[in-house]
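Which chain is which? The protein sequence lines are A and B, in order. With this note's numbering applied, the first sequence covers 1 to 83. With this note's numbering applied, the second sequence covers 1 to 83.
Hints were generated in silico from the structure; no laboratory data involved. Some clues are possibly wrong.
Copies of the same chain look alike in the list, so a pair counts if it works inside one copy or between any two.
Below, computed lysine-lysine pairings styled on DSBU-like, alpha-carbon distance capped at 30 angstroms [said to hold, decoys possible]: (1) LYS32 - LYS79; (2) LYS81 - LYS27; (3) LYS32 - LYS81; (4) LYS27 - LYS79.
There are 2 protein chains.
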Amino acid sequence: MLIDILGYVAGSLVVISLLPQTIKSWKTRSTKDLSLWRYIIYAIGLILWITYAVIIGNGPVAVMNSVGLLLALSILFLKIKYG
Amino acid sequence: MLIDILGYVAGSLVVISLLPQTIKSWKTRSTKDLSLWRYIIYAIGLILWITYAVIIGNGPVAVMNSVGLLLALSILFLKIKYG
Numbered sequence: 001m002l003i004d005i006l007g008y009v010a011g012s013l014v015v016i017s018l019l020p021q022t023i024k025s026w027k028t029r030s031t032k033d034l035s036l037w038r039y040i041i042y043a044i045g046l047i048l049w050i051t052y053a054v055i056i057g058n059g060p061v062a063v064m065n066s067v068g069l070l071l072a073l074s075i076l077f078l079k080i081k082y083g
Numbered sequence: 001m002l003i004d005i006l007g008y009v010a011g012s013l014v015v016i017s018l019l020p021q022t023i024k025s026w027k028t029r030s031t032k033d034l035s036l037w038r039y040i041i042y043a044i045g046l047i048l049w050i051t052y053a054v055i056i057g058n059g060p061v062a063v064m065n066s067v068g069l070l071l072a073l074s075i076l077f078l079k080i081k082y083g
């Protein structure tokens, strides 16, 4: 259904939006303007969200948020590494 | 139900996680390490998600993502202002 596609496009954009930040932080090795707490709280939120999606049996949401978690943890790793 | 609470806590954390970044960028007036595209794509994703939530009649998701959109647009504004 069209409405489902809208939901998937929206969710995908939100997840994909993490990619430019990951690439930028990885290339510039500069992360001082990034908030450490932003990515810590975000990662915890995504872990809970994945748990929620798994429990209610929503595969696509679990997969999308797992990709998001991977990207968020990459940014968090770069932030901790470069300060 | 407990499972609904998990969903709300997860969604709230994801939205609230934008707050430390907004505060940090606003205080330091330094946003060069932030990816412009991250926040442009994110804002578009959130607008679609709010549209999706309104269409399926999910009030809490629409409200949570509207708060997220407001914070994301604030960061985007600061990024455009401070470069």
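Hints, verified against the model:
no.	hint	result
1	LYS32 - LYS79	both (7 angstroms within a copy, 14 angstroms between copies)
2	LYS81 - LYS27	both (13 angstroms within a copy, 23 angstroms between copies)
3	LYS32 - LYS81	both (11 angstroms within a copy, 18 angstroms between copies)
4	LYS27 - LYS79	both (13 angstroms within a copy, 19 angstroms between copies)
In the structure shown, no violation is registered for any of the earlier numbered hints.
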